[in-house]
Each structure stands twice: as C-alpha cells, then as structure tokens.
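Visitor: The primary structure of each chain is shown beneath.
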Amino acid sequence: MNQPPAIDISLRSKPIYLAGTRELIVGIAKRLGFSDQLAAQIALASDEALANVINHGYGRREDGIIHVLLWPEAEPGVKGLRLVIEDEGVQIDPDKICGRDLDDVKPGGLGVHIMREVMDIVRYERRDQAGMRLTMIKRLPAPEQKEAHEARSA
Amino acid sequence: MDEPDDIQISSETIGAAVVVRPVGDIDLSRSPVLRESIRSALSDGPGRLVVDLAGVDYMDSSGVATLVEAMQLTKRGGHDLVLCSLTDRVRSIFEIARLEQVFRIEQDVDAALA
Numbered sequence: 403m404n405q406p407p408a409i410d411i412s413l414r415s416k417p418i419y420l421a422g423t424r425e426l427i428v429g430i431a432k433r434l435g436f437s438d439q440l441a442a443q444i445a446l447a448s449d450e451a452l453a454n455v456i457n458h459g460y461g462r463r464e465d466g467i468i469h470v471l472l473w474p475e476a477e478p479g480v481k482g483l484r485l486v487i488e489d490e491g492v493q494i495d496p497d498k499i500c501g502r503d504l505d506d507v508k509p510g511g512l513g514v515h516i517m518r519e520v521m522d523i524v525r526y527e528r529r530d531q532a533g534m535r536l537t538m539i540k541r542l543p544a545p546e547q548k549e550a551h552e553a554r555s556a
Numbered sequence: 002m003d004e005p006d007d008i009q010i011s012s013e014t015i016g017a018a019v020v021v022r023p024v025g026d027i028d029l030s031r032s033p034v035l036r037e038s039i040r041s042a043l044s045d046g047p048g049r050l051v052v053d054l055a056g057v058d059y060m061d062s063s064g065v066a067t068l069v070e071a072m073q074l075t076k077r078g079g080h081d082l083v084l085c086s087l088t089d090r091v092r093s094i095f096e097i098a099r100l101e102q103v104f105r106i107e108q109d110v111d112a113a114l115a
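Each protein sequence line maps, in turn, to chains A and B. Mapped onto my numbering, the consecutive letters of the first sequence carry residue numbers 403 to 556. Mapped onto my numbering, the consecutive letters of the second sequence carry residue numbers 2 to 115.
Do not take every clue at face value.
[Said to hold, decoys possible] Not the full set, but computed from the structure, chain A residues with beta-carbon under 8 Å of chain B:
1. L420
2. A421
3. G422
4. G435
5. Q439
6. Q443
7. D449
8. E450
9. L512
10. G513
11. H515
12. E519
13. V520
14. I523
Hints listed in this document are in silico derivations from the structure and should not be mistaken for laboratory results. From the three backbone atoms N, C-alpha and C, an ideal C-beta is built for every residue, glycine too.
Generate the whole structure from the sequences, applying the supplied hints.
Guide: Structure below.
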C-alpha cells in the first residue's frame, strides 16, 4: 500500500497511554462503518499488540517509541481498516510468535490469540534496522454479514 | 508528572464471602491494582471471592490473566471464585479466550453469593 497513512502517531511505551490509543482506534473504526462490537474488538486487538510491544519488545521499559499507523482501507479498494504498529525494541523470529494453547489455562499468553481471533490478517516481520512491524487488517463485513453478526451478538 | 489512577476498587465482606468491585477500565496499566486488591481480599481467607465486574467497561488480556491467577489462588486455598455482572464488552473477551466455561460466571451479586 503506497498511500501514506491517514493516522500516524507515536507514543512512548508506557501502559498509561493505551487507553487513549484504543479510544482513537475504536472511534475511527466506527466511522469506517464497523459495528460497535467489532470496533471494540479491533481496539482490543490493537491494545493487545501494544501491550506485547511494551512487555516483550521493550521489556517494560517506558521510554521506547511505538509508531501506530492506520489506513482507512483493508487493501486498495477493499473497505476496512489496516493498522501497522512498529517498534524499535527486541527483534524476534516472527515464526515463533504464537498464542498459548487455550486448553492450558494459565495467566498470560492470550494477546496473540485475541489478535488472530479478531483480525482477518495478523502479520509480524522484522524491521530493517531494529524492532518489529505488525500489520493487522480487518475487512468491513458486507452489510448482511454485519447485520447477522449484530443479530448473533444481541 | 503524577499519573492518576482512575480505577477504583472497593471490597465488602458479606457473610463468608468477600465481594471485590473494580470500577474503571482494566488494562495493562490497571491490572496490577486489581491483582493487589484480590490478593489482599484473599489474605483474609474468605470462603468465597466474588469479583463484581458491573463497573468494568473494558478489560484486556492482562485483566483476564489477573482473574485466571485469582482462580488458581482460590483453588489452591480451597476457596471459590465467582465472577458476576459482566458487561457485554467484558464478556466478549472471555468468549474470545474461550474462558466463559472455565470461570463460574453469574448474572449478579445475589446469584454469585447464593
């Protein structure tokens, strides 16, 4: 996607900034046509991604930089939302990023599972210089799908 | 810069149970406060710990992890843990994490105490 992002913000890796970031994302997702429930889930997925950067990328350091980029399309010509989160923290093998077995009930390890459950595409990659890039895409459900989703949730 | 702690947590002893009531979003910045409150409530050795989530509009996986930890602590101590009054958004994360069958979840505090 060659278009510049519609939203491009940077924040420090402090948990206190998570609330404002997810409020921004939930607000934009609603304006893009997502239902209240889907918008909240997209915000949850982004929150989990940012928490992982804070916990694992920066090891709870609070002075790391996190870039949040957002495009108001899933792909060119496809309605939805594309979110990219970049950091300058620890690099890890993308193939080793996986959620825990849900049958193994224990604290932690749910973030990646939540992201993959909520979003259509979740892709990690190493950045060239330092840190990781996470791309998450959510396509806007067709109107009938959206209505069905809301009916199921009612 | 002072950072306000916008989660309020109260606890109330009702019979042999302690009801913990957090009010506010529970995310990475707030879950340690909930964890501390739950640990404090359990230190009194209640027969049952009830976490009333009526005042929680948002919870992330760190909040869920705190409750999973609480479940493990209560089991280990021979106590019960009951969650109640989940808002739709909070219930949603339990469903996504497939934990709604793992916890005892009740409609309200009365049912949780029954």
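Visitor: All hints, please: hold or fail.
Guide: How the hints compare with the structure:
1. L420: At about 5 Å, which falls below the 8 Å cut-off, the nearest Cβ of chain B leaves the hint on L420(A) intact, so it holds.
2. A421: With Cβ-Cβ at 6 Å, under 8 Å, it holds.
3. G422: With Cβ-Cβ at 11 Å, over 8 Å, it is violated.
4. G435: Nearest chain B Cβ about 19 Å off; hint violated.
5. Q439: Holds, about 7 Å.
6. Q443: For Q443(A), the interface hint holds, since the closest Cβ of chain B sits about 7 Å away, which is under 8 Å.
7. D449: Because about 5 Å separates D449(A) from the closest Cβ in chain B, which is inside the 8 Å limit, the hint holds.
8. E450: Status holds, d = 6 Å.
9. L512: holds (4 Å)
10. G513: holds (5 Å)
11. H515: H515(A) check passes; min Cβ-Cβ to chain B is 7 Å, inside 8 Å.
12. E519: holds (5 Å)
13. V520: Holds. Min distance 7 Å.
14. I523: violated (17 Å)
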